[in-house]
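**Student:** What follows is each chain in one-letter form.
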Amino acid sequence: MAKIIVACGSGVATSQTVASKINKLLSEKKIKSTVEAVDIKSLDKFIKGADVYVSIVRTNKSFQIPVINGIAFLTGMGQDKEFEKLVNAIKEADAHKAG
Amino acid sequence: MQILREIVNYVLNLGAPVFVPLIMLVVGLIARMKFKDAFSAALTLGIAFTGMTLVINFMTGAISPAAQALSQRTGITLTAVDGGWPGMAAISWAWPYAFLLFPLQIAINIVMLIFNWTKTLNVDMWNVWSKIFTAVMVAYISNNLILGFVAAAIQIVLELKAGDIWGPRVEKLTGIPGVTVPHHITLLANILHPFEIIMNKTPFLSKKIDSDYLKDKIGIFGENEVMGAIIGLLLGFAAGYSITNSLTLAVKAAAALVLFPMISKLFSQALSPISEGVSEFMRNKFKDKEVYIGLDWPILAGRSELWVAVIITIPVLLIFSIILPGNAVLPFAGIINLSFVVAALLLTNANIIHMIIMGLITSPLFLYAATYFAPYITRLGRSVGTVSIPHGMMLSWSTFESPDMRFLMAQSANLNIWAILGLLGWFAMFYWLYKDIDRQNKEEAASELEPAEESDAS
Numbered sequence: 001m002a003k004i005i006v007a008c009g010s011g012v013a014t015s016q017t018v019a020s021k022i023n024k025l026l027s028e029k030k031i032k033s034t035v036e037a038v039d040i041k042s043l044d045k046f047i048k049g050a051d052v053y054v055s056i057v058r059t060n061k062s063f064q065i066p067v068i069n070g071i072a073f074l075t076g077m078g079q080d081k082e083f084e085k086l087v088n089a090i091k092e093a094d095a096h097k098a099g
Numbered sequence: 001m002q003i004l005r006e007i008v009n010y011v012l013n014l015g016a017p018v019f020v021p022l023i024m025l026v027v028g029l030i031a032r033m034k035f036k037d038a039f040s041a042a043l044t045l046g047i048a049f050t051g052m053t054l055v056i057n058f059m060t061g062a063i064s065p066a067a068q069a070l071s072q073r074t075g076i077t078l079t080a081v082d083g084g085w086p087g088m089a090a091i092s093w094a095w096p097y098a099f100l101l102f103p104l105q106i107a108i109n110i111v112m113l114i115f116n117w118t119k120t121l122n123v124d125m126w127n128v129w130s131k132i133f134t135a136v137m138v139a140y141i142s143n144n145l146i147l148g149f150v151a152a153a154i155q156i157v158l159e160l161k162a163g164d165i166w167g168p169r170v171e172k173l174t175g176i177p178g179v180t181v182p183h184h185i186t187l188l189a190n191i192l193h194p195f196e197i198i199m200n201k202t203p204f205l206s207k208k209i210d211s212d213y214l215k216d217k218i219g220i221f222g223e224n225e226v227m228g229a230i231i232g233l234l235l236g237f238a239a240g241y242s243i244t245n246s247l248t249l250a251v252k253a254a255a256a257l258v259l260f261p262m263i264s265k266l267f268s269q270a271l272s273p274i275s276e277g278v279s280e281f282m283r284n285k286f287k288d289k290e291v292y293i294g295l296d297w298p299i300l301a302g303r304s305e306l307w308v309a310v311i312i313t314i315p316v317l318l319i320f321s322i323i324l325p326g327n328a329v330l331p332f333a334g335i336i337n338l339s340f341v342v343a344a345l346l347l348t349n350a351n352i353i354h355m356i357i358m359g360l361i362t363s364p365l366f367l368y369a370a371t372y373f374a375p376y377i378t379r380l381g382r383s384v385g386t387v388s389i390p391h392g393m394m395l396s397w398s399t400f401e402s403p404d405m406r407f408l409m410a411q412s413a414n415l416n417i418w419a420i421l422g423l424l425g426w427f428a429m430f431y432w433l434y435k436d437i438d439r440q441n442k443e444e445a446a447s448e449l450e451p452a453e454e455s456d457a458s
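So the protein sequences, as listed, match chains A and B.
Mapping of the first sequence onto this note's numbering: residues 1 to 99, in sequence order.
Mapping of the second sequence onto this note's numbering: residues 1 to 458, in sequence order.
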């Protein structure tokens, strides 16, 4: 099962709002995964155990795992496209784990 | 009428962990959520209250004896324990009138958009709590419920106007177009603005510093467990505890700071179906209009300047809490000072030295506001029903957001003539800030159209 993390300033409000929304969309599609809201101050620690990172900020850092634009889930603009990217990333992570 | 009053009293006496979920269930069903989902969200809210009560009691239980020992040993009396914003948000949701602030914010926003008085569509429903908090504080201090709502309404209008001027800044700082931060936390820019003008005329203050590098080096001190452990250990030593007891306090303090956001998350989890529904409704209503979508401040959290400035101001706040005469607050759960830094980031265009100076000069303001509001926060905390604050101790919030605006509003509601004049002056300063940032935005937009101009690629 893929693990998705969403980070915001304290891992409480914005990240949890996005995480809840993603959770709802994924369960509608019957895709199993865990979505967790985390504190961006401790991102380096959390990213180690994650398969996909949903970001609500723009950074110039590069990550080992796929990064999805979380702002789309807050504004609704481009949400379908980002969600499709997310679903693909989850499928890839699951396939990788199974294989 | 008598029966109705008795029913209302009965429900309120059930305590916040029961009656707020009941309200939530009713609101959810009115919003046509499925019963299963509405019930689950309501129950999660009750769990959040219960969990937050546990954590606040755990924190006060660990910190109060140390604060009292400190006072006996040194004469430094810090009787107010700092619950931070997660603690304040929790007790705010427990106010019996809390949910009325949702329709108030939505209605004001819709009216202002229809009449083109704002370009900001605020879909951030989480921060409705900050309007609840303002309403409670003003209502408690003035003994007038209506004035509490008036203050909250003024805050909503100011937030939307602030959203209008920050939109272009947010895009410049984050690269995300079409969004803004209509958060009252940014209104501190009002009193920082004159300082920024002076600092802009002081050349050596605009030196470029590699904040990414700095954040990599000192970022660990901003992590909850590390910060909690350090504060707990220092407090233990200052209180004259043995090494063993100091180390125990360090671990307890770290536990409290790690648990706070974990519990707080449950509130946003419970509220997310409602906030999602409202947000979708608002966006659909204005989908043909060009607006800035208003989001919570963490869209700016990718800027390393913000974290560097916050971490540097942690020891400053601790030192001020000891040396400031009359301060009663021991900084703890609220020590990550977001209350100045978001405004400072936007106002200075991420000039790190300016931001740090702003953190230094505003620290006393937050601590004094925290001291002033502590009795009212304690009253709200106790009225929630289950938060036990030891006798002689208080609950507060060391980095009390919008200290200037909330103090002036509360005192004005009390018909204090100086406060009313002060509030009018504060509005005049906001007008000045609005015009100035608007002019800067227009100049920047114009210079971007001229390709020969040098551009700041930060």
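Any given hint could be a false lead.
[Claimed, not checked] Taking CB as the label site, the calculated pair distances span:
hint	chain 1	residue 1	chain 2	residue 2	range
1	A	K30	B	G392	20 to 30 Å
2	A	D80	B	M262	29 to 39 Å
3	A	Q64	B	N200	32 to 42 Å
4	B	A428	A	D94	56 to 66 Å
5	A	N88	B	I76	33 to 43 Å
6	B	G240	A	I31	36 to 46 Å
7	A	K30	B	I76	37 to 47 Å
8	B	L234	A	G49	26 to 36 Å
9	A	D80	B	N349	32 to 42 Å
What the hints contain is simulated information worked out from the structure, not anything from laboratory work.
The C-beta atom is built at its ideal place from N, Cα and C for all residues, glycine as well.
**Student:** Each of the hints needs a verdict: does it hold here or not?
**Tutor:** Right, here's what the structure says about each hint:
no.	hint	result
1	A:K30 x B:G392: 20 to 30 Å	violated (56 Å)
2	A:D80 x B:M262: 29 to 39 Å	holds (32 Å)
3	A:Q64 x B:N200: 32 to 42 Å	holds (41 Å)
4	B:A428 x A:D94: 56 to 66 Å	holds (59 Å)
5	A:N88 x B:I76: 33 to 43 Å	violated (58 Å)
6	B:G240 x A:I31: 36 to 46 Å	violated (56 Å)
7	A:K30 x B:I76: 37 to 47 Å	violated (59 Å)
8	B:L234 x A:G49: 26 to 36 Å	holds (32 Å)
9	A:D80 x B:N349: 32 to 42 Å	holds (34 Å)
The structure fails hints 1, 5, 6, 7 (numbered hints given earlier, in ascending order).
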